[in-house]
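2 protein chains.
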Amino acid sequence: MLVGSIEAGGTKFVCAVGDEEYNIVDSHHFPTTDPDTTLSKVIDYFQQFKISALGVASFGPLDLDKKSANFGSIMASPKLDWRNIPIYQILKDRLHIPIFLTTDVNGSAYGEYIIGRLRGQKLNSLVYYTIGTGVGAGIIYDGKFLGDLGHPEMGHVFVKRHPNDKGFEGICHYHHDCLEGLVSGPTFEVRLGKRGEDVSLNDPVWDVMAYYMAQALMQSTMTLRPSKFVLGGSVVNDTFLKKVRQQYKLLINDYISLPSLEDYIVRPLVENNGSATIGNFALAIKQSQQE
Amino acid sequence: MLVGSIEAGGTKFVCAVGDEEYNIVDSHHFPTTDPDTTLSKVIDYFQQFKISALGVASFGPLDLDKKSANFGSIMASPKLDWRNIPIYQILKDRLHIPIFLTTDVNGSAYGEYIIGRLRGQKLNSLVYYTIGTGVGAGIIYDGKFLGDLGHPEMGHVFVKRHPNDKGFEGICHYHHDCLEGLVSGPTFEVRLGKRGEDVSLNDPVWDVMAYYMAQALMQSTMTLRPSKFVLGGSVVNDTFLKKVRQQYKLLINDYISLPSLEDYIVRPLVENNGSATIGNFALAIKQSQQE
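Chains as they are written, first to last, in the numbering used here: chain A, 7 to 297; chain B, 7 to 297.
Calculated from the structure, these hints are not laboratory results.
It cannot be assumed that every hint is accurate.
Since the list can't tell identical chains apart, any single copy or any two copies may satisfy a pair.
[Unchecked claim] Think about it this way: if two alpha-carbon atoms lie no more than 27 angstroms apart in a straight line, the pair counts; the simulated DSS-like pairs of lysine-lysine are:
1. Lys248 - Lys128
2. Lys255 - Lys128
3. Lys150 - Lys292
4. Lys255 - Lys73
5. Lys248 - Lys47
Build the full structure now, drawing on both the sequences and the hints.
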């Protein structure tokens with residue numbers, strides 16, 4: 007059996023075909039232009055293969071409520087062309103196969119959960135944060151995605167401000183200094199006047215950002231007590247991760263007992279941002295078993 | 007069938023006997039002294055009735071991991087006498103009936119969930135915050151309590167500080183200005199030199215506290231997107247709740263669509279802090295069906 011994966015992102019649609027053991031058989035990506043052009047190319051691509059099911063991890067926000075009239079649509083996206091595009095239904099009408107649609111970061115979370123379990127990790131739950139152009143998070147709990155009235159939006163929470171960062175207003179258009187407004191990739195340009203890849207690992211900005219991310223992880227910890235945290239996205243590097251763990255330990259201050267943080271707060275197991283592809287394959291297989 | 011309820015609190019153990027429709031048949035409370043004396047009285051009380059199962063909502067922290075050697079024990083409690091007391095096992099060994107043990111606030115959360123559903127509310131999930139001597143929260147999601155490596159401790163999260171409250175250091179022994187350190191009942195004495203019941207509803211402290219609680223609700227919203235929030239505990243009054251709703255709306259700033267806040271962020275349906283008793287009865291009934 008072959009299955010398909012789409013990672014629908016703001017700049018490109020990464021498409022892949024895989025087997026039941028999550029090996030990538032073929033892959034291709036298409037620039038994200040207007041919905042008609044982009045989705046036509048994607049559909050043409052998958053029609054070359056006999057895929058049995060498709061997993062789609064898409065930018066959003068998405069309406070994922072199966073009882074909603076808008077189920078499977080992209081909602082109030084900053085990408086105006088894509089607003090109200092019923093991505094699930096368009097793909098379903100053309101491909102006629104079981105499709106599982108979720109958020110981009112949920113796809114990555116699921117990939118890390120599946121691979122972690124395959125490697126023998128005891129994971130009943132997992133929280134995946136991506137820190138890149140924006141900040142998002144996905145939560146797996148007992149094998150399912152959390153989110154009742156909608157999917158998580160954990161980039162948009164407030165945190166206690168760092169004493170050395172009080173002058174920075176934050177860049178979130180909705181909330182100014184929410185987590186995304188303080189630690190997403192574009193903050194480097196605003197705080198320091200240079201791109202993230204040009205910022206030295208010795209720059210004190212990493213301490214400030216680690217302080218904020220550690221608070222976000224502490225919020226998730228105190229809420230869910232998850233089995234594991236995975237931090238992905240272009241902003242994350244080993245130096246930053248180490249600082250996040252240090253700040254997290256300081257902030258929690260032994261209030262609860264914690265696993266060894268080196269194994270608890272980690273980078274993705276799947277390299278090169280490939281978690282979502284594996285997650286989508288696994289979700290496609292699961293969906294094909296249910297339909 | 008009769009079932010029992012214990013709300014094990016820091017100052018008293020509230021015991022009740024109820025029927026399958028959650029009517030209270032009898033109730034009694036005992037002061038919380040040393041574990042032997044307190045639990046003996048509680049056991050003697052329940053032995054007067056032919057109860058088939060017991061729900062226990064206890065102060066903690068509790069070890070609720072069924073695979074743990076300490077399952078059912080009170081762990082690092084500030085009440086030193088009660089540390090490492092295996093409350094579940096002591097009750098089980100003497101009463102020989104199915105027992106469900108959970109945190110105090112989980113008991114209240116479950117009561118509100120059960121009564122809400124009986125009244126026809128569509129609740130797939132519910133978050134209950136109690137704001138009193140401390141701040142705690144319980145989460146029901148798909149009929150179960152959330153919490154993987156342990157139960158929630160959502161009083162101990164950080165929030166963005168209010169500009170008019172920067173001089174206040176907070177009173178949490180572990181975290182200083184975490185949520186509990188900023189909005190629990192004993193903060194009135196430290197901030198204003200008087201007890202909460204003597205603080206005017208016009209005092210600006212309510213705006214400061216509402217700003218912090220609204221952030222806590224926003225964190226939970228962005229994580230879980232729950233069906234409903236219930237705010238209980240001695241600090242909560244209608245004026246405060248109204249301010250929490252206003253701040254919450256301002257902070258979220260239409261980033262996600264929300265239900266009508268008057269029905270979304272509410273005080274308990276069960277009056278006089280009775281939610282936990284109902285919740286415990288319901289959990290006892292559920293447990294008796296499973297054993």
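Verification of the hints:
no.: 1; hint: Lys248 - Lys128; result: within (23 angstroms within a copy, 43 angstroms between copies)
no.: 2; hint: Lys255 - Lys128; result: within (22 angstroms within a copy, 39 angstroms between copies)
no.: 3; hint: Lys150 - Lys292; result: both (11 angstroms within a copy, 23 angstroms between copies)
no.: 4; hint: Lys255 - Lys73; result: between (42 angstroms within a copy, 26 angstroms between copies)
no.: 5; hint: Lys248 - Lys47; result: neither (41 angstroms within a copy, 51 angstroms between copies)
Going down the numbered hints, you'll see the structure goes against just number 5.
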